[in-house]
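Trainee: For the protein sequence lines, the chains are A and B, in the order given.
In terms of my numbering, the first sequence opens at residue 6 and continues consecutively.
In terms of my numbering, the second sequence opens at residue 6 and continues consecutively.
Hints were generated in silico from the structure; no laboratory data involved.
Be aware that one or more of the hints could be misleading.
For identical chains, the list gives no copy identity; a pair is met inside one copy or between any two copies.
[As the list claims (entries may be wrong)] As a list, the in silico SDA-like pairs of lysine to any residue whose alpha-carbon atoms are at most 20 Å apart:
id	residue 1	residue 2
1	K491	D212
2	K601	S415
3	K570	D173
4	K219	I500
5	K335	Y216
6	K294	D173
7	K234	R575
8	K294	D274
9	K567	D212
10	K335	E174
11	K219	A502
The lines below spell out each chain.
2 protein chains.
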Amino acid sequence: MLGLGAIRVSGSCSSHIIARGERDVCCEKGGERERERERESESAFSRMICAMSSGSALATRLMTTTTELPAMHISRSVSFLTSQQQQYSYYSFLHTCPRIATFTPTKQLKLLASTERISAMASSHVEKLSPSSVSAENPVECGSSVHDASSSSLETQASASPKKRPADENIRDEARRQGLGAPRCTFSAKYVPFSPFEDTEEEYSLDEIIYRSKTGALLDVQHDLEALKKYDATYWKNLFDSRVGKTSWPYGSGVWSKKEWVLPQIDNDDIVSLFEGNSNLFWAERFGKEMLQMNDLWVKQCGISHTGSFKDLGMTVLVSQVNRLRRMKKPLLGVGCASTGDTSAALSAYCAAAGIPAIVFLPANRISIAQLVQPIANGALVLSLDTDFDGCMRLIREVTAELPIYLANSLNSLRLEGQKTAAIEICQQFDWEVPDWVIVPGGNLGNIYAFFKGFHMCKELGLIDRIPRLVCAQAANANPLYLYYKAGWKNFKAIKASNTFASAIQIGDPVSIDRAVFALQNSDGIVEEATEEELMDACAQADLTGMFTCPHTGVALAALIKLRKNGVIRATDRAVVVSTAHGLKFTQSKIDYHSKAIADLPCKFANPPVQVANDFGAVMDVLRRELSLR
Amino acid sequence: MLGLGAIRVSGSCSSHIIARGERDVCCEKGGERERERERESESAFSRMICAMSSGSALATRLMTTTTELPAMHISRSVSFLTSQQQQYSYYSFLHTCPRIATFTPTKQLKLLASTERISAMASSHVEKLSPSSVSAENPVECGSSVHDASSSSLETQASASPKKRPADENIRDEARRQGLGAPRCTFSAKYVPFSPFEDTEEEYSLDEIIYRSKTGALLDVQHDLEALKKYDATYWKNLFDSRVGKTSWPYGSGVWSKKEWVLPQIDNDDIVSLFEGNSNLFWAERFGKEMLQMNDLWVKQCGISHTGSFKDLGMTVLVSQVNRLRRMKKPLLGVGCASTGDTSAALSAYCAAAGIPAIVFLPANRISIAQLVQPIANGALVLSLDTDFDGCMRLIREVTAELPIYLANSLNSLRLEGQKTAAIEICQQFDWEVPDWVIVPGGNLGNIYAFFKGFHMCKELGLIDRIPRLVCAQAANANPLYLYYKAGWKNFKAIKASNTFASAIQIGDPVSIDRAVFALQNSDGIVEEATEEELMDACAQADLTGMFTCPHTGVALAALIKLRKNGVIRATDRAVVVSTAHGLKFTQSKIDYHSKAIADLPCKFANPPVQVANDFGAVMDVLRRELSLR
């Protein structure tokens, strides 16, 4: 299948290109007739080689980033070398190179004339590398502003633009302009009931406002994997990699850099993003070595984020879809939730960014204003209700049944689409090597399923060759999944959760129980638990090696310690602990711990300050004594 | 100067390469004799073209990432295609392509035999693109584990490794192994007195423990720019870009991804990094549009970081250098500082990660334990002294004069080397386009100079063509620089700073005053000030559009608002506001603002919660009323 054409590139002091291929494509923008021709010769085309050559800086630029290339309108396949496609254009070029028609010298010179200099590059084609399996019967008719990645390979952009945006254009305008005239996207996703063990024909458009199936089951966002599979693993890896670290709308986001896998059909213009994701994958060197004799322990710092928790990842997807629905003139007044913590903070921030009203219901006199400060600062309509948390939940359900307010509840399947990108990002940061273990704190249990879904999608699409073993870590005070697991997945019982420092996972009746069981059963997964002492000690020990962990991360770390001790996780394994919030959101529990002010907890790693008189000698005495101990 | 060789690549179903160049280099590892030969023909070599071709996946991989390439020992110049050099190898290849000798078909086939498939790639050489200015008289003898970037182009790696690390090897071990046998680095930096207006021969090694010059002047870390200039702008851009988003030690860090420009001579193994930097460059869409009619307003979120402030950027450099000194057996017991805020937090975290004692002096009864929680949690020796802040400063100076404790004070010039990478990162995130304005909050004034230094270095090395205009924003309650600026830089007077919510910049006698003036004078800079009301209102308004700003960011935003209003900053300008800390570190002031609990402040953008009875009808009434207002 290695069909290798011949390339002959020559030149000495001026630039020109001669490349021989099997077909010519003219410079004019492709119409239906041309598309037809292309389909006809698809397989022959796939053996073609394109080469360009010259003696200039453009060569290198072209291969590293195409953003510096001036506009080129030569063929449908070269169009993606314009600045329009920016980051990933280069990859598109590589992977869709066979789709590039050959250039006649005349055409080349025209090209050269318009670009001044053009450069050396030869690439070849292999069936596996590009979507040559796309046949005339099943053409990829992708594009639209929604799916720039593949549109680049198939369709000339309507217009090319210079690199620098006009002064009166912002990055959103730029994305919009680039989307104009692009063809329809072939990637798609829809709601289906979450029913892994039975077939169902029930399905809904993502543009419907629906939270559960007819039978009350959870929903799942199902992607058209066959469409995605038309592009091979290398294509996706390179596409995702190419979007990291820049400010292109919306791909500067770690969630939307995987847009085709998240909400393929949303218009870039409808997206509400704070450039979330791309969080640090932190190498826990000292904690791993000294506590666990592990060389390869990592903490995915999802909490080092805009609102300080991993909830940003899901909320950008939910609020973007709501924004789309509002622009489609669906009557949505705003988005509501009942939450004391991270969810209301993330919801409020994204709604504020979009100018969409956020409505937050909270029990009066039961939470501190510190817990309220994020939704209040972000302009949410915060209702302080004279009831408890369950009362707030009941009221918001009643209200959203009456008023057109979208409910941002914890069973929402859109949010999981964003959260799953953290799993993809972990693979990406490891250069697509799979860790052996991923440990996720579990309360309502949506996140463990989201991680599974991310890894599973990577495996299905060939980016990784296996799924890491997942560990769901629960607080012993709120451990219904752990009990279920220990009982051999028999007779699930909701429990009444007791107080835990890991307050965000203090849940006795998790809404995503079925999703979690599915994820664990399909990843050779494990459930572990941690007592209050274990989780707070794990936090303190991690902090002493340079982290600043939230109590939920402490639960995951305590689970890891247990699994290392009993040999399930080996010293040489690569493990990733998912940190769900920034420690700055949980300073009070740290203060209490280091003040030894927690009842029934020895706080054995407390590090209280040392009181010293304002006296040089006294200070020196303390320093000599304490430093000799360290 | 466009010396273009000829390439002829052919093949049909098996792979082979024929490339004609001006010289052969044998496969053996390069010795002195070979290096000599290379020097002789350097300039001829610079016109050579290398090409490889075939029909396989490797081509693409080769061009996108070399990490998937199996070991290849072919020549000194192909060695960088091994996994050893990972990320940047590809770029090295492109930019040093001329340095690659030609391959005989035999050699090629050997290569092909070892890799199974090899792929198509043709590149050309232009003088400007690679360091062909390197002459026999001035060879780049780079390398060592310290400087992998250029070593790759000149020296065969001692051994090649498969992509996957052995299970018992961590990323630090891997970096160490890869550094073995590499030649000495030619990049260097040293301390010189900060004296932009007079020549001095005074200089110190970075391995000396010194804080000020003989005359008491500040120090500056001066880089050997001539050595750096041997590599052109494209080389550096691609090198930096290639390191983003991965977990290679230490380049996963946004600071150490610019290692050659920061501390070129430090061994990777001595570096203490939490993979800091790579912070979000946030597009302030709504705030820009609605408040300022700006399309292109950005906030560099340096506070969305490990310890919640930009101090991480500098502290990784300081603690790394201390770690190096300790490994060199210099008698350093630990690192000390007197700080109530971000500095002690960052110092403690980095020392904890390295296992180096951190010593923090704090005034007893003057700060809350919340301000202490980070150093305490990170295991610092916190001395609570029965004195005020000035007393703490005096004591720590006395103590560090007596005991071998490194002083992490605010005049430390190592820290500025880390902080300057935020400026480089801004350019990088904008694809090396320069913003028109960068607005930095100023207290002790080191940061404004650090930003200047970063931009200046980018300009000197050709990565950008101009330096953005810098704005230093001060709280009106602590505005000595503003007064100095308004007086036409005449008769600087230290002042007694009054209380400000922007507590980290509440400084009346800034230590880096000379540095700041130099930065502003050389960037057509401006100083602006903000009252307490202005800064708190700016915070609140920014938060209402989705941010969660600290008061210092509020100072910068308030300065921006003024400069927009008076027309200095235009609607079409691209401006970047530097956010120095996460709002989560400053929740109390937000709580006070939204509770309208601040004396003499109208708090006109406060958004207090609405109290409602536990009653569906009452809730509906509130919602109908409030939502109609929004």
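Trainee: Does the structure break any of the earlier hints, and which numbers would those be?
Mentor: 1, 2, 4, 7, 9, 10 and 11
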